[in-house]
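Asks: Sequence:
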Amino acid sequence: MFSISLIEDEIGFKKLCNEWNGLLADSTINSIFLTYEWLFTWWRCFKDDRRLLIIIVRKNGMLIGIAPLMVKNKVVEFIGTPFNDEADFIVKNDFSRDAAHLIIKFLMKECPFWNIINLREIPTNSSTIAILNEIARAENLLYSSSVRSISPFIKTNREWDEFLKSKGSKFRNNIKRNERLAEDMGQISYETFAGDSIADSIIKRLFDIERCSWKEKGGAPLFDNDKNREFFINIKRIFSSKGWIVAHILKLNDRDIAFQLCFDYDEKILEYTTAYDKEYSTISPGSIILKNIIKDTFDRKKREYDFLRGDEGYKKRWADESRNMWQVVISRKGVYTALNFYFNIKLRGVLNKSPILVALYDVLANRWERLKSFINIGNIIRGQGEGGFNQIDISFIMPLNSGNTVLFIGKNTYIAETLSEICKKVLIVNKNFICEPQEIPIKRESIDLIIIEDIKNLFNKSAISSQLSDLKALLKNGGYIYLFVFNKWNGGYSYNSYNKSLIRNGFKEIENYIAIPNHNNPKFILNANDKSAMKYYLSCHFERDSIYKNILFICIKLFSNIGLIKYIVPSYIISARRE
1 MFSISLIEDE
11 IGFKKLCNEW
21 NGLLADSTIN
31 SIFLTYEWLF
41 TWWRCFKDDR
51 RLLIIIVRKN
61 GMLIGIAPLM
71 VKNKVVEFIG
81 TPFNDEADFI
91 VKNDFSRDAA
101 HLIIKFLMKE
111 CPFWNIINLR
121 EIPTNSSTIA
131 ILNEIARAEN
141 LLYSSSVRSI
151 SPFIKTNREW
161 DEFLKSKGSK
171 FRNNIKRNER
181 LAEDMGQISY
191 ETFAGDSIAD
201 SIIKRLFDIE
211 RCSWKEKGGA
221 PLFDNDKNRE
231 FFINIKRIFS
241 SKGWIVAHIL
251 KLNDRDIAFQ
261 LCFDYDEKIL
271 EYTTAYDKEY
281 STISPGSIIL
291 KNIIKDTFDR
301 KKREYDFLRG
311 DEGYKKRWAD
321 ESRNMWQVVI
331 SRKGVYTALN
341 FYFNIKLRGV
351 LNKSPILVAL
361 YDVLANRWER
371 LKSFINIGNI
381 IRGQGEGGFN
391 QIDISFIMPL
401 NSGNTVLFIG
411 KNTYIAETLS
421 EICKKVLIVN
431 KNFICEPQEI
441 PIKRESIDLI
451 IIEDIKNLFN
461 KSAISSQLSD
471 LKALLKNGGY
481 IYLFVFNKWN
491 GGYSYNSYNK
501 SLIRNGFKEI
511 ENYIAIPNHN
521 NPKFILNAND
531 KSAMKYYLSC
541 HFERDSIYKN
551 ILFICIKLFS
561 NIGLIKYIVP
571 SYIISARRE
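Take the sequence shown: its position 474, counting from 1, is numbered 474 in my numbering, and each next residue is one higher.
Incorrect hints may appear among the rest.
Simulated crosslink set (DSSO-like; lysine-lysine; CA at most 27 Å straight-line) [stated by the list, open to error]:
no.: 1; residue 1: Lys251; residue 2: Lys291
no.: 2; residue 1: Lys204; residue 2: Lys155
no.: 3; residue 1: Lys14; residue 2: Lys167
no.: 4; residue 1: Lys291; residue 2: Lys155
no.: 5; residue 1: Lys105; residue 2: Lys59
no.: 6; residue 1: Lys176; residue 2: Lys278
no.: 7; residue 1: Lys476; residue 2: Lys508
no.: 8; residue 1: Lys268; residue 2: Lys301
no.: 9; residue 1: Lys15; residue 2: Lys74
no.: 10; residue 1: Lys105; residue 2: Lys204
no.: 11; residue 1: Lys176; residue 2: Lys105
Please keep in mind that the hints were generated in silico from the structure rather than gathered at the bench.
Produce the complete structure using the sequences and hints provided.
Replies: This is the structure we're talking about:
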């Protein structure tokens, strides 16, 4: 029996570590760019405002499928984009079509928070391409598929001399000429580092070579910012322990002039990145080091030398064959999404045939991105929408970490359970607690964060100020309190009464958030003072499928425009910090 589930938090991602690579080894695509180590490390470095969307398929409890996805700005992509040279759903060989079909159907039906699915670098032999096409047509969605990149490769199941002979005399003479020119300039030497021998100092040498290369100005350097460097240092440490990474350095008179960073995985050598000092371009140092590495690949009886994506001229000269990597885009129908689909996908595909049109397109697209940067869409925090907060949502509005001690007062155990996954200690006081916080057996100044869910049912209106004072005594300096509040017209108290009580008790940095539709079942959380956030919510997410909702839509729009939105929403969340 098949079962399918969705993982949206880092804790759930971590729990898959023991099963992930086992499935990958028995899947239709065993790629180093789909290993747990690569994807989890990438996620930790680059997650920013992205949301995890990992879909899991099991049969009788056995893991048979993983869709390693993420979503940002309502666009679904593979985790690791654009760093991955290869990507796909990870599905067990015997269940490849069944698992892939279940994943895609789940994504279409159960994940409503996307407008576009943009999946890149899918191998040409993947069943995913055909299944996506089939389902998109059945669901009447916009669909596009095209070759995204080319990955040249050499099969190394023969002798090195035989391979060289097949390349022709001109090819061989060019290699020899470059080596002679290099020898005329001094002593040539090679260094190879693998496993634990790849110290951080070796990676720094690679950074230094790239800074002197042609990539620094006219190319696309991989080590061009702090995040990229952090990612590769972390990957180096993890891959070194598994024997998956090799660094080659070419030296001339003891000076580093070229490098190549390769992955050694599944009996293949993968050329991930290479660069050379442009001062020595006359001797083609990249060609010299490449010849040495490919020869070593033949000598070690590996299955293949893979240049990975890119159709650079030197790859075509060396390679025998190439693989096509596909991009598949699916878009929901709607004015904005349809325009985005045709402008960014369809039109770009036509323009790619003309370099002049591509340049013009890039200029216009850049102007559009700059224009959008001036449009503030506000501070919108995603909610789960069914059953309350999840870990990601709580982390957005609450300064939580694993060392926190949290006091939770309320009845929504879902929130408490989520908090317990993040923090080391969560103290829960249930709904029978009535307005005597000084009697809670907790030491003074021992709590990092207090959450009071549905405060109107727990505290007496006349005693709010004194009760907040008692709770403040439990907080550490710098600790936070969060009040989940129903609005006055919805059976609660005045919006301003809590703010005044917090100020009276010396709390600082008071923030007010609107929870829609309410704080127990939020789809969105917005800053109450951010008009643009509400406008964005109205334009993109408000369902107007009844007379009541149409009236509510008009009221929310009117009140948000005049700054009175806080008086009509059903509930809100107030946060404050103890000085």
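Asks: All the hints need checking, so say for each whether the structure fits it.
Replies: To see whether the hints hold, each was checked on the structure:
{"no.": "1", "hint": "Lys251 <-> Lys291", "verdict": "holds, 15 Å"}
{"no.": "2", "hint": "Lys204 <-> Lys155", "verdict": "violated, 32 Å"}
{"no.": "3", "hint": "Lys14 <-> Lys167", "verdict": "violated, 47 Å"}
{"no.": "4", "hint": "Lys291 <-> Lys155", "verdict": "holds, 15 Å"}
{"no.": "5", "hint": "Lys105 <-> Lys59", "verdict": "holds, 16 Å"}
{"no.": "6", "hint": "Lys176 <-> Lys278", "verdict": "holds, 20 Å"}
{"no.": "7", "hint": "Lys476 <-> Lys508", "verdict": "holds, 14 Å"}
{"no.": "8", "hint": "Lys268 <-> Lys301", "verdict": "holds, 10 Å"}
{"no.": "9", "hint": "Lys15 <-> Lys74", "verdict": "holds, 26 Å"}
{"no.": "10", "hint": "Lys105 <-> Lys204", "verdict": "violated, 46 Å"}
{"no.": "11", "hint": "Lys176 <-> Lys105", "verdict": "violated, 56 Å"}
Checked against the numbered hints given earlier, the structure breaks hints 2, 3, 10, 11 and satisfies all the rest.
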